[in-house]
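Peer 1: Sequence:
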Amino acid sequence: LQNFPLYRVIFGADDSFRIDPESGDLIATKKLDRERRSKYSLLVRADDGKQSSDMRLNITVKDVNDHTPKFSRTTYSFDIPEDMAPGKVLGHLLDRKRHKVKERLIFFYRAIKSSSIVAAILASDSDSGVNGEVTYSLEEDDEDETFLLNPVTGVFNVTRPLDYEAQQYYILTARAQDGGGQASTVRVYFNVLDVNDNPPVFNTSVYSTSENTPVDTVVFTAQATDADSGPNSYVEYSLRGPYGNKFSIGTVDGDVRLVGELDREELSNYTLTVVATDKGEPPLSSTMDVTMMVLDVNDNTPSFSQNIYDIEIEENTLTGTDVIQVFASDADEGTNGQIRFTISGGNTNSDFRIDSVTGVISVAKQLDREARSSYSLVVQAADRGSSPRVDRATVNIMLLDVNDCSPVFELSPYTVSVQENLESLPKNILQVSCVCFLFH
31 LQNFPLYRVI FGADDSFRID PESGDLIATK KLDRERRSKY SLLVRADDGK
81 QSSDMRLNIT VKDVNDHTPK FSRTTYSFDI PEDMAPGKVL GHLLDRKRHK
131 VKERLIFFYR AIKSSSIVAA ILASDSDSGV NGEVTYSLEE DDEDETFLLN
181 PVTGVFNVTR PLDYEAQQYY ILTARAQDGG GQASTVRVYF NVLDVNDNPP
231 VFNTSVYSTS ENTPVDTVVF TAQATDADSG PNSYVEYSLR GPYGNKFSIG
281 TVDGDVRLVG ELDREELSNY TLTVVATDKG EPPLSSTMDV TMMVLDVNDN
331 TPSFSQNIYD IEIEENTLTG TDVIQVFASD ADEGTNGQIR FTISGGNTNS
381 DFRIDSVTGV ISVAKQLDRE ARSSYSLVVQ AADRGSSPRV DRATVNIMLL
431 DVNDCSPVFE LSPYTVSVQE NLESLPKNIL QVSCVCFLFH
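Just so you know, the numbering used here puts 199 at position 169 of the sequence shown, and the rest follows in order with no gaps.
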């Protein structure tokens, strides 16, 4: 009888292969993984019971596209100062202990101008050949195309200047696809870091306070805003100028307090230079000239130019004739400084009147020195404040006589008898008398 050989694997199968002892068919006992082991070397023996023969069997596992690209991180997060200085290292994206790939992961910031490199990502694919070649792209997250992703290197480029005050972060989805169509995605976070590129900005430049404001009163609060963030936006205040004896400012709260009394009549407005400085490195500052208007209060009494006025006028001065003008002044402003004149005394018969605005005194009625030879008028000047303040002056008016009477005998005719033998001459024989009547 003819003996048929029996087959068996001497070594090298590693539980991955077995051979049918009768047919000699080599059978894989489990799923092969080229990325784990790409070659096997088996020693197969054929034995017919009398003789045996060995054969070396080399097996190469061919690649199929059974792996998707794998990013080096589950997510990427990059901090990008909005005005990053040239040459600063951003960081490493790959753990060298875990990945055996060529290091192309160190990248540098350029000044943030068009096409500046800001970051890079890396995906690997364990497949071989075309199946392991990875290309990168961005999903539809970056509508304004602030970033570009190099399809070969995975390097991000910024296409426009970044501005923390406009947008603080970007969230993009990057896609890695191999040549066989397998793909994976990863989230990429760009955090725009604020730099101190904005000085504080003031919002108001004109304030007012009454001149009788008590000392230590907060007369206004300086307010400046800084578009930066963190310490770059913290603002401290100071005052610059010659009015330290009148005003002070709170460093943190910006409260401007009165430290000295105000007098509008002395100075009606102050120009204060307020300085706002942020706490960035280096600090930025801005200044604003604040106008502090001092509002009037009725703290001044009208004052006549003289306390006593003396004049003489003829008694036949016509009605309506201006005889004198009195003057008064008030250092206040507005209605507090507007003066109105009146005759408050000495004018019982209303023989004179005064113009309330101009202070001109005129004759109101026919005068008669023979009836009244003098007047002592009390003239009052009052301001128009809510609580009027008053000053008074005296106007003395003397009436001068004019020949305005016609003498008339009391008796007419007179009859007298005289003796003819009067001895001592001259001798009074009659006394006549007359009275004086006004001409009309």
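Just so you know, these hints were derived from the structure itself, not from any lab. Please note: incorrect hints may appear among the correct ones.
Said to hold, decoys possible - No more than 30 Å apart at the CA atoms, straight line, and that leaves these computed lysine-lysine pairs for DSBU-like:
| id | residue 1 | residue 2 |
| --- | --- | --- |
| 1 | K69 | K92 |
| 2 | K276 | K309 |
| 3 | K69 | K100 |
| 4 | K61 | K92 |
| 5 | K60 | K100 |
Peer 1: Determine which of the earlier numbered hints do not hold for this structure and return their numbers in increasing order.
Peer 2: none
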